[in-house]
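Asker: Listed below, chain by chain, are the residues.
Protein chains: 2
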Amino acid sequence: MLLGDLSRSDFQHSLSPVFARLCQKLKALDLVNLPLGWQDLEEGVRMNVMEFETTLSEGKKAELHRKFVDIQLLISGQESIDYGLAQPNLALFDEYREEDDYQLTPEIEHKNSVILQPNMFAIFLPYEPHTPGNAVNNQPQMLKKLVVKVPVELLNS
Amino acid sequence: MLLGDLSRSDFQHSLSPVFARLCQKLKALDLVNLPLGWQDLEEGVRMNVMEFETTLSEGKKAELHRKFVDIQLLISGQESIDYGLAQPNLALFDEYREEDDYQLTPEIEHKNSVILQPNMFAIFLPYEPHTPGNAVNNQPQMLKKLVVKVPVELLNS
Numbered sequence: 049m050l051l052g053d054l055s056r057s058d059f060q061h062s063l064s065p066v067f068a069r070l071c072q073k074l075k076a077l078d079l080v081n082l083p084l085g086w087q088d089l090e091e092g093v094r095m096n097v098m099e100f101e102t103t104l105s106e107g108k109k110a111e112l113h114r115k116f117v118d119i120q121l122l123i124s125g126q127e128s129i130d131y132g133l134a135q136p137n138l139a140l141f142d143e144y145r146e147e148d149d150y151q152l153t154p155e156i157e158h159k160n161s162v163i164l165q166p167n168m169f170a171i172f173l174p175y176e177p178h179t180p181g182n183a184v185n186n187q188p189q190m191l192k193k194l195v196v197k198v199p200v201e202l203l204n205s
Numbered sequence: 049m050l051l052g053d054l055s056r057s058d059f060q061h062s063l064s065p066v067f068a069r070l071c072q073k074l075k076a077l078d079l080v081n082l083p084l085g086w087q088d089l090e091e092g093v094r095m096n097v098m099e100f101e102t103t104l105s106e107g108k109k110a111e112l113h114r115k116f117v118d119i120q121l122l123i124s125g126q127e128s129i130d131y132g133l134a135q136p137n138l139a140l141f142d143e144y145r146e147e148d149d150y151q152l153t154p155e156i157e158h159k160n161s162v163i164l165q166p167n168m169f170a171i172f173l174p175y176e177p178h179t180p181g182n183a184v185n186n187q188p189q190m191l192k193k194l195v196v197k198v199p200v201e202l203l204n205s
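The listed protein sequences derive, respectively, from chains V and Y. If you number the first sequence the way the working numbering does, the last residue is 205 and the count never jumps. If you number the second sequence the way the working numbering does, the last residue is 205 and the count never jumps.
Simulated from the structure, these hints should not be mistaken for lab results. Some clues are possibly wrong.
Pairs of lysine-lysine residues, derived as DSSO-like cross-links and limited to a Cα-Cα distance of at most 27 Å, are as follows [what the hints assert, rightly or not]:
| no. | chain 1 | residue 1 | chain 2 | residue 2 |
| --- | --- | --- | --- | --- |
| 1 | Y | K115 | V | K159 |
| 2 | V | K115 | V | K197 |
| 3 | Y | K159 | V | K108 |
Partial chain V-side listing against chain Y, Cβ under 10 Å, derived [claimed, not checked]:
| no. | residue |
| --- | --- |
| 4 | G52 |
| 5 | H61 |
| 6 | P83 |
| 7 | L104 |
| 8 | G107 |
| 9 | Y131 |
| 10 | N137 |
| 11 | L138 |
| 12 | L140 |
| 13 | Y144 |
Quick reminder that beta carbons are idealized off the backbone N, C-alpha and C, glycines included.
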């Protein structure tokens, strides 16, 4: 899992080449005015730009992916994301939906949370459970964010 | 900033080549029985193995480094580490000690915290402020950890 802030001039220092390239492309965009919905970041790499209201984390399920890395970038608002670093026990997840590449679990073992400010990002590798879109200080608010879906095959490119 | 768990078989997927290599070397060590003190992880890369009691985070100062990346790996116990992702305002830090490569600030802007379990690691790049060694749930406890000091010149190797 990686955390960073696109506003920094040195954000790419912690990133492997593929993430550095994709985050440079994100930084070059007019994020606040980006249209909503699915679009290409580059050939073969799609991203989804969303606006929604954050919700309390209690009772929400955590997700993990197998075939895609998530680059979750906050554009406006504040967002809390729960995550787990330990190897997930897949027996505690429901069935894997191959077509949509996700499966859910009611609880993250050794759960941590990070609060993102605008331009901050979290990168979740396959099998890293996460629950995004949570309210900060139990105060739901509107946010704009995007999620880049990076095919796992690009990790070694 | 990077977070991971050496216990996982896939921990290196999120890491750039230099961190993957160094973390593979850490994983091959008998961490629990590692002697305390400074030692070489590889030629030119030193690490410090420590045992100490965690303390409450209130009133502690945060540090940042300029010339070295920290790979902070927890070996036993539980540790909470405060960190900030935003570009630090150096005017809020005290003087930089070049010989020891650190400077301190009373407070981290947009502070977050992560709780590490044994074998989990946090990697702090230069200019990423962090306050390690904090008690979890306000319960001080003994822990064993190590910090690898990675010269920033190795980032592009």
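Asker: Taking each numbered hint in turn, which are not upheld by the structure, reported in ascending numerical order?
Answerer: Violated hints: 1, 6, 7, 8, 10, 11, 12 and 13; rest satisfied.
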